[in-house]
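Q: Given the coordinates of chain A, assemble chain B onto it according to the supplied hints.
Quick mapping for you: the protein sequence lines, in order, are chains A and B.
If you number the first sequence the way this note's numbering does, the last residue is 310 and the count never jumps.
If you number the second sequence the way this note's numbering does, the last residue is 620 and the count never jumps.
It is possible that part of the hints are untrue.
[Stated by the list, open to error] Some, not all, of what chain A presents toward chain B, calculated at C-beta under 8 Å:
1. L22
2. L150
3. V151
4. S153
5. D158
6. T190
7. I198
8. N203
9. G206
10. A209
11. F212
12. Y216
13. S222
Keep in mind that the hints were calculated from the coordinates and are not lab data.
Glycine included, C-beta positions come from ideal geometry on N, C-alpha and C.
There are 2 protein chains.
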Amino acid sequence: MEEIKVFCPATIANVSCGFDVLGLALESVGDEMVVRKIDEPTIRIRKIIGQELPLETDKNVAGVAGLALLEKSSCSHGFEIEIYKNIKPGSGIGSSAASSAGAVWAMNQLLDTPFSPLELVQFAMQGEKLASKVAHADNVAPAIYGGFTLVRSYAPLDIVPIHTPNELYATVVHPQIEIKTSDSRKILKTNITLEKGIQQWGNLGGLIAGLFTEDYGLIGRSLEDHIIEPIRSILIPEFEHVKKAVMEQGALGSGISGSGPSIFALSKGLETATKVAGAMKAIYAKTDLDFDVHVSKISSKGVQPITKKA
Amino acid sequence: MEEIKVFCPATIANVSCGFDVLGLALESVGDEMVVRKIDEPTIRIRKIIGQELPLETDKNVAGVAGLALLEKSSCSHGFEIEIYKNIKPGSGIGSSAASSAGAVWAMNQLLDTPFSPLELVQFAMQGEKLASKVAHADNVAPAIYGGFTLVRSYAPLDIVPIHTPNELYATVVHPQIEIKTSDSRKILKTNITLEKGIQQWGNLGGLIAGLFTEDYGLIGRSLEDHIIEPIRSILIPEFEHVKKAVMEQGALGSGISGSGPSIFALSKGLETATKVAGAMKAIYAKTDLDFDVHVSKISSKGVQPITKKA
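Chain A extracted, bound-state conformation (with noise of 0.2 Å):
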């Protein structure tokens, strides 16, 4: 295989209590790109539509990504690569994760995948270091595994597949204000108290058994976070109304998605999590903010090939 197109899903991280740790797939929203085999042994970004990002590979997170895969392998050739963005940079669902899982889960496919998943989801970190200056895994992992994932452990590095219950769907509203990752980082506090520690461990455990066990009520009980989001909310206008707007519809819960501005909830099936985008777009139109909305069901699977032509 010379070249191959593949879906790139968006994701949201941090999801609730499982800050920096439980991130999920969406099936329906992401980016597309084309990589294919080049003589040179390197990476090379040829084109990007729908954004304004940098060409340069090494200030791209694909080609960042890419190139520490490169480094890796033994292959004496190189990639270049197309990128058709549909998720906006800054949005918090993943816009950088999906870039960078995409070029290195391709670029594994057209090397006949010497790589397993947690060994591209290292090279992807290196897109999001370049990203957001850390590391994390919390978006790339879901966007390569698929379904939602725990982060357990960043050293040794260890992600944990959860069980993705089928009637789970995802909608997404995106305010469009910019909030950089670094900026909603820093607004945090660098100690809690035990007590809301152990709050969020417990509805981490619920939320985990709610999704092995499928029992929808006990994940909505569980999507709490008394931690982050009191703090980093009040940096998204219409936060409470949408929490309050979204559960009225029939939601199981709600929260921030990655570091934000976006807002993502959880519903079971998807007429409720249709009219939870109702509600969603009925609180932001009488802003005037622009924004988008996404319903998406909860994909089990991560980067995939687009087979039919686009």
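A: What follows is chain B alone, placed relative to chain A:
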């Protein structure tokens, strides 16, 4: 039914990264109780064999738990209780919880089960409040539900049964020094770093996932506690030696049982759990401390009727 004899399992609370939320029940370590109906609408502790414990109903954990049930019940009679203690009070394997849980579970049977397991936990928590000033649920929940249980939340009380892999065994050593739960609580810090919190909920998520998927390796990797164990283990002689020795024997991991002084290790299979017991014995045999060692399967059941005559 006028009378019932029950087995009341010992339990391990604060299972490593699951401080204050995760507990488990042992299959072959526990007390026995006989509970029978009496005409007077009260609870009477008829006798206690094996330990010196108060016979006054309002000073006995089983009595207080029983009164809590009786108060919510419509029955016009009462119960008397005989307790055959095998679990040493203050050992850290749920001695008071076994009595509280056993009493209310047995009473519920004699009343034709008007109360749910969750309600039984709430009654039994009153016994825990008498024993340690805090109405905690992390021992009584596994004592009643069996297996691993997660206390996701206290307000409202939300108990989540967690799948228990079939080959999971616990080895517990009880070095006979006295640590009061209230004292071991006092030495904990009120605040923790966010970084350690993230580590802890990552590990708890991994442990819950490992239990559901019966991934013994993941269970082992997740049995880490960087918050409570470093502080409380100072009170337990030979703690670090034991931790090291049980891993050399093939244990999955280990930690403080409850608030100590008992130390537990989890293993895959009886053979490893027995080797682990040998390592624990060898360490304390060199000290001048008295000690007990127990090896038990993790029970999938909580309090159980004893049908054959003892």
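Q: The structure should be examined with respect to each hint, and the outcome stated for every one.
A: Outcome of the hint check:
1. L22: Holds - the Cβ of L22/A comes within 8 Å of chain B, reaching about 7 Å at its closest.
2. L150: Cβ of L150/A sits 5 Å from chain B, so the hint holds.
3. V151: holds, 6 Å
4. S153: Because about 6 Å separates S153/A from the closest Cβ in chain B, which is inside the 8 Å limit, the hint holds.
5. D158: Holds - the Cβ of D158/A comes within 8 Å of chain B, reaching about 6 Å at its closest.
6. T190: Status holds, d = 6 Å.
7. I198: holds, 5 Å
8. N203: holds, 6 Å
9. G206: holds, 4 Å
10. A209: holds, 5 Å
11. F212: With a closest approach of 4 Å, the F212/A hint holds.
12. Y216: violated, 14 Å
13. S222: holds, 6 Å
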